[in-house]
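A.B. asks: Sequence:
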Amino acid sequence: MARSIALVCFLVVGLCLVGAVCASTVVAGGKNVGRLVNAVYVFGDSLVDVGNNDYLPAPAPRANRPYGMDLPGKPTGRFTNGYNLADVISQRVGFEMSPKPYLSMLPHDKILLGLCKIGANYASGGSGILDTTGKGTLTMRTQVEYFKKAADNMICYPSKEEHLARSLFLLSGGGNDFSAFDPSTASPQAYVVKMVTTYIEHIQALYNMGARMVGILDVPPIGCTPGQRVSMPNGECNEQANSLAQAFNGLLRAKLAEASATTMKELKYSIAANYNILNDMMDNSLVAGLRHVKTACCGSGKLNAEVMCSHQGTTACPATEHDDYMFWDMLHPTHATIQRGVVALFYGNGPKYGEPVNFGTLVTGQNVSPAIKMVVDSQ
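Per mature numbering (1 follows the signal peptide of the UniProt record, and there is no 0), the sequence shown runs over residues -23 to -1, 1 to 356.
In silico SDA-like cross-links for lysine to any residue, where the CA-CA straight-line distance does not exceed 20 angstroms:
id, residue 1, residue 2
1, Lys329, Arg230
2, Lys242, Asn185
3, Lys112, Leu80
4, Lys94, Pro84
5, Lys51, Met74
6, Lys271, Pro295
Hints were generated in silico from the structure; no laboratory data involved.
Full structure from sequences and hints, please.
C.D. replies: Structure below.
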């Protein structure tokens, strides 16, 4: 049966299907021209953390070299080789990169100066939706509380309410919660319900503070990371882990749709289908420009996934091959994978890429579709 897949043929003309959108988001000389949103506020885990963990004591995980080796200067706290999802999404809406990590903006008066200009990144690597996930990290509840503390004192032109309503609130979470799941304490079904219920509570809290435009990255195929494959007999995906991710993603869509019709009636949102996009890249790796989808670029041991990148004895693949790898380490995608995926979540057409709309439509209010080449697999 024929099926269409979001594979990333990066034709510049393909990104300019809608003139107004193209004029605002085309990258010129490495910088985006114009902004589609007032600011970006980021909450979540290591997929979007840009350095908050560098300001936390152990056991919070740190992204030391060779993380960040493809960015100029010293490591920046990003859990990949270059820019991460928060950066690339921020670039798509007109910023040079993600807003600064919240903890780097202390003291409080310094935070207030930056919030109305570009926003802030509250994400913390290793954290989760649940308060019990990620010892020593900033849990999502803590991140939301930090935002409230700052938002209560924001003074933006023409008003705080208008500023927040036209800002993008970007959320990523769930993967670490599944890593922390103990089946002896709850059934998988009950755990998923608890995760989704708590996630909706966090989104509701942001909504109550003024958020009206929310972009959510659903849980990717966590069972197909090198860290999961290495424990499987033949290096295959751990489908049990993937089924948990799919259950969470499905319930999140249903419950957020309910909430947006009742307690968050002014909410505009997109749940980006991270799971589908990365799964398609793995299934069609050569078309996606990826030569290695099972093995990590950085690490050691089988699949480079028995020891975490940056620990003693680990090495990274040659710099000329970074873009050939789907995964930088045993858990996190490379900058190249992220760039390809973000094109799909912004411009892919239909629920396969985002619900109820894609990210491009969310931030522009226009029907942005499909600016990536659709490849039909008839096998």
